[in-house]
Structure formats: structure tokens, C-alpha cells
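Protein chains: 2
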Amino acid sequence: MSKNPDAFTRLINALKILPNVGPKSAQRMAYQLLQHNRDGAQELSEALQHALKQVHHCERCNTFCEGTLCDICADSSRDPRRLMIVHMPADVSGMEAANCHDGLYFVLMGQVNPVQGMDLSHIALDKLVARLQNSEVEEIIIATNFTAEGDATAYVLAELFKNLPYKVSRLARGIPLGGELEYVDAGTLAQAVYERRMLKE
Amino acid sequence: MSKNPDAFTRLINALKILPNVGPKSAQRMAYQLLQHNRDGAQELSEALQHALKQVHHCERCNTFCEGTLCDICADSSRDPRRLMIVHMPADVSGMEAANCHDGLYFVLMGQVNPVQGMDLSHIALDKLVARLQNSEVEEIIIATNFTAEGDATAYVLAELFKNLPYKVSRLARGIPLGGELEYVDAGTLAQAVYERRMLKE
Ligand SMILES: [Zn+2]
Ligand SMILES: [Zn+2]
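Line by line, the protein sequences are chains A and B.
Just so we're aligned: 141 in the UniProt record's numbering is position 141 of the first sequence, and the numbers increase by one with no gaps anywhere.
Just so we're aligned: 58 in the UniProt record's numbering is position 58 of the second sequence, and the numbers increase by one with no gaps anywhere.
Note that these hints are calculated values from the structure, not bench results.
There's no promise every hint is true.
In this list, chains with the same sequence are indistinguishable; a pair is considered to hold if it fits within one copy or across any two.
As the list claims (entries may be wrong) - Taking lysine to any residue and the SDA-like style, the derived pairs with C-alpha atoms no more than 20 Å apart in a straight line are: (1) K16 x Y183; (2) K53 x E43; (3) K24 x T188; (4) K24 x N99; (5) K24 x A97; (6) K127 x Y166.
Kindly generate the complete structure, drawing on both the sequences and the hints.
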């Protein structure tokens with residue numbers, strides 16, 4: 001049936017690895033790139049290479065970063081006593097846009113999946129524990145999503161901190177149920193930080 | 001606000017050139033690639049390079065192709081008397097899957113936009129005229145979309161063929177109004193070919 005040339009088919013297959021991109025979208029994207037935006041295709045290819053080479057994890061907070069420390073960790077005006085734990089870099093961006101947290105972050109770069117047996121290998125727990133050693137952190141704000149994965153991750157974190165000397169809170173449930181942080185507006189995000197529920201004083 | 005490293009931001013911007021990918025999706029894609037699928041990112045980068053280098057246009061039908069002629073144009077069992085004109089390669093794939101056209105194709109690689117002044121520079125009209133010179137074509141089947149752009153393109157084509165010695169038809173309007181060919185099932189596509197309306201005998 002389809003008589004697409006091999007290089008075109010390979011590109012379609014490569015595009016299908018993108019989240020929420022099915023066969024039809026991938027075919028449309030490949031056509032769009034090759035027919036109407038070859039400069040864009042070239043730039044995307046190079047941006048991928050550049051990012052693969054340059055982007056690694058911040059030594060302190062685990063977010064994406066090009067140097068040793070990210071801008072936020074390197075900013076001495078941030079309050080080192082409050083550490084907010086989030087799922088991914090987009091959550092840091094959203095929180096910064098809401099302008100309601102002047103502390104630091106830790107980015108788990110993953111969530112616990114309660115359906116798949118609470119596997120902890122997808123979240124950077126070891127790095128988090130190391131981050132807390134000899135730190136000035138007094139309060140930990142768990143800012144995971146209000147989804148099954150986010151709740152499971154919050155549970156794992158709360159257990160981890162149970163016998164450690166931190167105040168521990170979680171974002172107020174002002175965020176709509178089932179909502180993911182990156183789709184919530186700045187005002188709602190700020191509200192949820194101000195009204196965070198204390199889990200442990 | 002957002003403290004994304006430059007290489008990450010560059011990748012997000014590069015991903016935004018993809019059709020239907022906004023800032024949020026692009027951010028999510030970049031995160032997914034760098035955190036969970038670096039092999040996929042590498043493959044996507046290489047597939048883009050390979051496609052940019054290898055894929056050009058079939059000399060006869062103008063579709064994407066790696067050699068001089070595409071598989072369909074090179075297939076001597078196809079009937080050279082019937083030429084179907086479509087918008088893009090995905091439409092050829094869909095038509096082949098419907099298994100209702102044993103002739104050849106011509107791929108315009110674009111559509112006329114009636115809102116933006118019927119600019120003809122986006123469709124390969126010159127190449128189509130050259131294709132028809134000294135050809136065995138007797139009937140032309142216009143298989144453009146049933147959208148404003150597809151209708152405008154069909155109009156331009158019908159005008160072009162008005163004084164030329166071809167039978168000219170357009171797909172039957174069995175395809176739902178506003179529908180685009182690549183989203184139509186094979187049965188409906190076949191129906192639309194069998195019931196094509198003659199525009200000129
Ligand atoms: Zn950092
Ligand atoms: Zn061809």
C-alpha cells in the first residue's frame with residue numbers, strides 16, 4: 001500500500017516517539033517539515049544534538065542545566081530554608097511564573113506509579129537524600145501533581161521525611177482534582193502554595 | 001521566570017515548528033526526550049538529517065521519493081491513461097490503501113488558499129503541465145480535499161484543463177463536507193472514486 005520512501009518512513013517512525021504523536025500526526029509533521037520547513041527540520045535536528053550534548057542535571061536540584069548549578073540554585077537571594085519538591089522542570093517554570101516561592105527546588109524527574117507497584121527507580125530519591133545532608137533546609141514543600149502518580153509520590157516522600165527534622169507540607173488542594181501542575185494558571189498555583197496543608201510540624 | 005537552560009529552550013523552540021505543537025506540548029516533548037528517551041532523540045535527529053539529504057521529489061509525480069522515480073511511477077502495471085491529482089503524499093497512501101485507483105498520481109504538494117488571494121505558488125502547476133506534455137493521460141481525476149482550500153485548488157485545476165483534451169472528474173462528494181482525505185476511511189474513499197462526478201467529457 002503506502003509507497004513512502006524509506007527515509008520518509010524512518011522520519012515518521014522517529015516522530016512517533018514524541019508524546020501524543022500518532023501515525024497520522026507523525027506523517028503530517030514529516031510532510032510539513034520536508035515540504036514546507038526544511039530550515040526548521042535542520043534546526044530541530046541540530047537542537048536535538050545540542051541538547052543531548054549540553055543538557056545534564058543540576059548538581060543540587062536535579063533539573064535540566066548546562067553548567068554545574070542551575071540559575072535558581074546559583075541565586076544567593078533565594079531562601080535556602082524552604083525546599084519545594086516537584087515532578088519535572090516545567091513545574092519549576094510554572095511555579096516561578098506564579099512568583100510565590102522564594103526558596104529552592106528539587107526536581108524528581110519522574111513520578112511513582114501506584115499501578116505498577118510503587119517502583120521508586122523513576123524518581124531521584126538518592127539524590128534528594130544527598131541534597132538534604134548538611135543542608136540549611138527547614139521546610140519541605142511537596143508540590144507533586146494531584147493525580148494518582150502525584151499522590152503516590154507525595155506518600156513516598158512523606159514516609160521518607162517522617163522521622164527527619166523537617167516541617168513538611170503539601171500544596172493546598174486548591175488545584176483541581178486530576179489536574180497537572182503545568183496546566184494550572186499562576187493565580188491558582190499561588191493560592192495552593194499559600195494555603196499549603198502542614199503534614200508535619 | 002522560567003530558568004530553562006539555553007539548549008533546552010532552543011529544543012523547545014525547535015519543536016514548536018511542528019504542526020499543532022504549542023509551547024506546553026513542546027516543553028513536554030523536550031522533557032520526555034531528554035529525560036526518558038535520549039535514544040529516541042538521537043534517532044529523531046539522525047532521521048531528520050537523513051530525510052533532508054535523501055528525500056526529494058519524484059520526477060514524474062512530484063511525491064517524496066529517494067530515487068528518480070517513485071515506486072508507483074516506476075510500476076509498469078499501472079494504467080498511464082488515468083492521472084489522479086492529490087494534495088500531498090499522505091493522500092496517495094490513503095488512496096492506495098483504498099485500492100480503487102490503478103492509474104498514476106500527481107502530487108501538488110500544496111493547496112490554493114482562497115482567503116490569501118488564490119496564490120498559485122504553493123502548488124506544482126508548472127510541473128503538472130510538463131508532466132502532461134506528450135503523456136498517455138486521457139482522464140484526470142481531481143482528488144483534492146473538500147475544504148475551502150481543496151475546492152479552490154480543484155477550481156484552478158478545472159480552469160487549467162478547460163481547453164485541454166482530457167476527461168476531467170472530481171471525487172464524489174461522498175467524502176464528508178469539511179473532511180480531509182487523510183482522515184477518511186478506505187471504504188468511503190473507494191466510494192468517492194467510483195462515483196466521481198464528470199466535470200468535462
Ligand atoms: Zn539547581
Ligand atoms: Zn512518482
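For each hint, the structure was consulted:
For a Cα distance limit of 20 Å, the shortest separation of K16 from Y183 across copies, 17 Å, qualifies, whereas the shortest one inside one copy, 23 Å, does not. Taking the shortest Cα distances, K53 and E43 sit within 20 Å of each other both inside one copy (15 Å) and across copies (14 Å). In this homomeric assembly, K24 and T188 come within 20 Å of each other (Cα to Cα) only across copies, at 18 Å, whereas the closest approach inside a single copy is 36 Å. Taking the shortest alpha-carbon separations for K24 and N99, only the inter-copy value of 19 Å comes in at or below 20 Å, while the best intra-copy value is 39 Å.
Taking the shortest alpha-carbon separations for K24 and A97, only the inter-copy value of 14 Å comes in at or below 20 Å, while the best intra-copy value is 35 Å. Proximity of K127 and Y166 under a CA criterion of 20 Å is satisfied intra-copy only: 17 Å inside one chain copy versus 72 Å between copies.
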